[in-house]
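A.B. asks: This is what each chain is made of:
Protein chains: 2
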Amino acid sequence: MPNNRVEKLLEKLDKSGLDGFLISSPPNRRYFSGFSGSSGLLLISRSTQLLATDFRYWEQAASQAPDFTIFKATKGLKEWFADFVSRAGVSRVGFESSDVTVSTASTMRRSLKKAGIKTSLISSGDLCSRLRITKDAQEIALIKKAAAISDGAAEHARRVVRAGMSEIELAWEIEGYMRTHGSEPIGFSVICASGPNSALPHATPSNKPINPGEPIVCDFGACVDGYTSDLTRTICVGEPDSQFKKLYNIVFLAQKAAIEGIFNGIKASEADALARSVIQEAGYGDYFGHSLGHGIGLEVHEAPFLGPSSKDTLGEGMVFTIEPGIYLPGWGGIRIEDDALLENNRVTLLSKAAK
Amino acid sequence: MPNNRVEKLLEKLDKSGLDGFLISSPPNRRYFSGFSGSSGLLLISRSTQLLATDFRYWEQAASQAPDFTIFKATKGLKEWFADFVSRAGVSRVGFESSDVTVSTASTMRRSLKKAGIKTSLISSGDLCSRLRITKDAQEIALIKKAAAISDGAAEHARRVVRAGMSEIELAWEIEGYMRTHGSEPIGFSVICASGPNSALPHATPSNKPINPGEPIVCDFGACVDGYTSDLTRTICVGEPDSQFKKLYNIVFLAQKAAIEGIFNGIKASEADALARSVIQEAGYGDYFGHSLGHGIGLEVHEAPFLGPSSKDTLGEGMVFTIEPGIYLPGWGGIRIEDDALLENNRVTLLSKAAK
Numbered sequence: 022m023p024n025n026r027v028e029k030l031l032e033k034l035d036k037s038g039l040d041g042f043l044i045s046s047p048p049n050r051r052y053f054s055g056f057s058g059s060s061g062l063l064l065i066s067r068s069t070q071l072l073a074t075d076f077r078y079w080e081q082a083a084s085q086a087p088d089f090t091i092f093k094a095t096k097g098l099k100e101w102f103a104d105f106v107s108r109a110g111v112s113r114v115g116f117e118s119s120d121v122t123v124s125t126a127s128t129m130r131r132s133l134k135k136a137g138i139k140t141s142l143i144s145s146g147d148l149c150s151r152l153r154i155t156k157d158a159q160e161i162a163l164i165k166k167a168a169a170i171s172d173g174a175a176e177h178a179r180r181v182v183r184a185g186m187s188e189i190e191l192a193w194e195i196e197g198y199m200r201t202h203g204s205e206p207i208g209f210s211v212i213c214a215s216g217p218n219s220a221l222p223h224a225t226p227s228n229k230p231i232n233p234g235e236p237i238v239c240d241f242g243a244c245v246d247g248y249t250s251d252l253t254r255t256i257c258v259g260e261p262d263s264q265f266k267k268l269y270n271i272v273f274l275a276q277k278a279a280i281e282g283i284f285n286g287i288k289a290s291e292a293d294a295l296a297r298s299v300i301q302e303a304g305y306g307d308y309f310g311h312s313l314g315h316g317i318g319l320e321v322h323e324a325p326f327l328g329p330s331s332k333d334t335l336g337e338g339m340v341f342t343i344e345p346g347i348y349l350p351g352w353g354g355i356r357i358e359d360d361a362l363l364e365n366n367r368v369t370l371l372s373k374a375a376k
Numbered sequence: 022m023p024n025n026r027v028e029k030l031l032e033k034l035d036k037s038g039l040d041g042f043l044i045s046s047p048p049n050r051r052y053f054s055g056f057s058g059s060s061g062l063l064l065i066s067r068s069t070q071l072l073a074t075d076f077r078y079w080e081q082a083a084s085q086a087p088d089f090t091i092f093k094a095t096k097g098l099k100e101w102f103a104d105f106v107s108r109a110g111v112s113r114v115g116f117e118s119s120d121v122t123v124s125t126a127s128t129m130r131r132s133l134k135k136a137g138i139k140t141s142l143i144s145s146g147d148l149c150s151r152l153r154i155t156k157d158a159q160e161i162a163l164i165k166k167a168a169a170i171s172d173g174a175a176e177h178a179r180r181v182v183r184a185g186m187s188e189i190e191l192a193w194e195i196e197g198y199m200r201t202h203g204s205e206p207i208g209f210s211v212i213c214a215s216g217p218n219s220a221l222p223h224a225t226p227s228n229k230p231i232n233p234g235e236p237i238v239c240d241f242g243a244c245v246d247g248y249t250s251d252l253t254r255t256i257c258v259g260e261p262d263s264q265f266k267k268l269y270n271i272v273f274l275a276q277k278a279a280i281e282g283i284f285n286g287i288k289a290s291e292a293d294a295l296a297r298s299v300i301q302e303a304g305y306g307d308y309f310g311h312s313l314g315h316g317i318g319l320e321v322h323e324a325p326f327l328g329p330s331s332k333d334t335l336g337e338g339m340v341f342t343i344e345p346g347i348y349l350p351g352w353g354g355i356r357i358e359d360d361a362l363l364e365n366n367r368v369t370l371l372s373k374a375a376k
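Quick mapping for you: the protein sequence lines, in order, are chains A and B.
Residue 376 is where the first sequence ends in our numbering, and the numbering goes up by one at each step.
Residue 376 is where the second sequence ends in our numbering, and the numbering goes up by one at each step.
Keep in mind the hints are simulated off the structure, nothing from the lab.
A hint or two may mislead.
With beta-carbon atoms standing in for the labels, derived distance ranges [said to hold, decoys possible]:
1. A:Ala184 / B:Gly203: 20 to 28 angstroms
2. A:Gly306 / B:Glu100: 21 to 29 angstroms
3. B:Ser37 / A:Leu274: 56 to 64 angstroms
4. B:Pro230 / A:Glu302: 55 to 63 angstroms
5. A:Gly97 / B:Gly286: 26 to 34 angstroms
6. A:Glu176 / B:Asn232: 41 to 49 angstroms
7. B:Ala158 / A:Gly38: 52 to 60 angstroms
8. B:Gly336 / A:Gly38: 48 to 56 angstroms
9. A:Asp147 / B:Asn232: 44 to 52 angstroms
10. B:Ser107 / A:Asn285: 40 to 48 angstroms
Note that CB positions come from ideal geometry on N, CA and C, so glycine has one too.
Kindly generate the complete structure, drawing on both the sequences and the hints.
C.D. replies: Next up, the structure:
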């Protein structure tokens with residue numbers, strides 16, 4: 022019996038004229054099957070739910086993906102792919118062309134041809150990751166756990182930061198806290214950028230020593246059962262300078278406008294505008310060079326996307342970041358980022374760290 | 022002026038009937054340009070060396086890749102790709118089809134077509150990663166640094182391991198040691214597998230407490246300027262049982278046979294057989310289910326591949342792991358892995374941790 026997630030995928034396949042679908046991308050594989058191994062391929066149809074994986078994962082796959090029949094893949098894809106597809110008796114099977122490489126698609130097609138199997142492989146883009154856009158109670162609980170760990174790490178960073186410490190040292194304090202407080206290994210590196218470095222939204226931590234008074238942008242997330250949080254706090258050793266105070270206040274009010282103004286059915290581009298207009302009116306519109314936020318879940322960047330050109334609409338059960346910023350080249354940057362759940366027609370913050 | 026690495030690629034392109042090549046995979050991008058950012062595309066021809074990247078990396082790219090002209094990519098690939106390719110004036114440009122997704126290749130082709138550019142995009146598999154198979158002095162120096170860090174972590178693990186500690190705690194001790202002793206974030210998770218768990222070569226650390234006497238397989242690597250080490254030690258709390266001693270001795274002798282028997286020009290399959298035959302003769306051939314080793318460098322698994330069906334030949338300047346193992350379901354496993362440099366027609370071990 023297909024579960025609720027698979028049922029939604031099957032409905033989407035019907036509409037797309039497909040009778041089967043291959044899922045190769047790790048987050049989608051995990052979402053639809055429960056299997057978290059590094060290597061595997063799902064094949065889903067009305068009658069069949071198969072998971073192909075190699076000997077390293079046969080035991081784990083059987084335990085994590087009880088709704089799926091495990092197909093024991095041995096040797097290379099070209100040896101087993103035709104047999105795998107033939108088990109489902111499908112004629113038009115889609116694949117994730119945003120994940121599958123040209124070489125792999127070519128191997129798949131040759132394997133079918135060689136075996137005389139008539140199934141057509143249909144390049145289907147990123148057909149199913151948007152089915153993850155609305156989170157269920159179990160997913161929200163995991164993101165809350167991850168957010169609580171990153172909250173703790175933010176407190177820890179405030180406690181241990183001192184002048185003269187390098188960005189790398191502070192980043193390691195944050196990562197160490199999260200990893201020893203329940204976080205799985207994290208797919209993205211901790212950002213700690215101080216002074217002028219903080220003017221780059223994606224700076225890599227360096228050996229630069231932290232100076233009193235300058236902004237320190239710390240951006241990081243924890244991971245629990247595959248679900249991530251994503252938090253940014255801009256902190257300071259000693260007394261912040263007047264520029265810091267002024268910009269922090271603008272960014273804080275921009276974020277507040279978005280938190281208070283987002284409701285079910287608002288366009289994601291309008292959500293972005295709620296915060297952006299505050300920064301623009303303060304005269305810093307040119308210094309907020311990125312989008313307001315992005316969905317979080319099994320990926321740290323996923324739908325919905327909150328930006329000026331987004332076509333998404335925000336709805337009940339979506340979880341996304343709200344992270345306005347101002348970046349002045351030469352001086353530094355201020356960013357404040359929280360994780361938001363849209364429930365009961367309003368935003369509830371899942372991250373609670375002090376701002 | 023193309024450097025030595027680019028020159029070798031250009032020779033390979035000539036032989037393949039290509040007058041340009043697009044490099045998208047991160048390790049190849051870094052190898053040929055020096056650029057270590059997470060996003061970018063190289064275009065190399067006899068007359069042109071271009072690096073396209075987005076605003077996050079313009080400064081870093083200019084500093085890391087001085088031999089390349091930075092192409093400032095804005096918006097999506099489909100907006101800038103045709104302009105990028107047209108700068109090189111090439112007619113047949115290869116791309117890494119083992120890295121590029123079907124969707125991306127399609128976007129590239131549509132972009133050229135829309136702009137009326139006649140350049141053909143040729144699917145070229147993994148044409149250039151094998152050019153990294155022989156390491157130069159600078160690369161060897163970096164792998165040595167990484168190996169020294171993992172050696173230190175092995176010592177640390179021996180010092181802190183105790184009965185009752187969980188696998189996750191021990192794995193974290195190892196990772197924490199490496200990260201605070203000069204290692205960059207590591208692309209692969211530390212393995213600590215104890216007792217029956219150690220029978221799985223790729224076990225994920227669990228909450229299982231470590232018991233006295235049982236094998237604990239610890240497999241991990243450090244990373245310095247992008248170059249990795251890869252080390253496995255099988256350790257024990259208290260006195261190992263007789264099974265442990267017996268199997269450890271066989272694996273040790275198997276590894277020794279490979280270390281002493283490998284020379285310039287030996288087939289990688291024969292290198293594998295040097296160790297495998299020792300394990301087979303001891304009666305455990307069915308319990309050594311993986312290959313003897315693999316190259317290390319900018320990737321933790323790269324050419325040469327040392328296994329029964331490998332077509333590689335080992336030569337001067339190659340760096341690879343030698344890692345035989347025996348895995349008994351229900352009891353556990355023994356693996357010993359070192360990093361080997363083939364120089365002056367013999368193996369020199371870059372890892373020095375006690376066995």
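A.B. asks: Decide, hint by hint, whether the structure agrees.
C.D. replies: Okay, the hints, checked on the actual structure:
1. A:Ala184 / B:Gly203: 20 to 28 angstroms: holds (23 angstroms)
2. A:Gly306 / B:Glu100: 21 to 29 angstroms: holds (23 angstroms)
3. B:Ser37 / A:Leu274: 56 to 64 angstroms: Roughly 58 angstroms apart at Cβ, these two residues keep to the hinted range, so it holds.
4. B:Pro230 / A:Glu302: 55 to 63 angstroms: holds (59 angstroms)
5. A:Gly97 / B:Gly286: 26 to 34 angstroms: holds (27 angstroms)
6. A:Glu176 / B:Asn232: 41 to 49 angstroms: Violated, since glutamate 176 (chain A) and asparagine 232 (chain B) (Cβ atoms, about 36 angstroms apart) do not stay within the stated range.
7. B:Ala158 / A:Gly38: 52 to 60 angstroms: holds (58 angstroms)
8. B:Gly336 / A:Gly38: 48 to 56 angstroms: holds (52 angstroms)
9. A:Asp147 / B:Asn232: 44 to 52 angstroms: 46 angstroms Cβ-Cβ, so the 44 to 52 angstroms window holds.
10. B:Ser107 / A:Asn285: 40 to 48 angstroms: holds (46 angstroms)
In this structure, only the earlier hint numbered 6 is contradicted, and the remaining ones agree with it.
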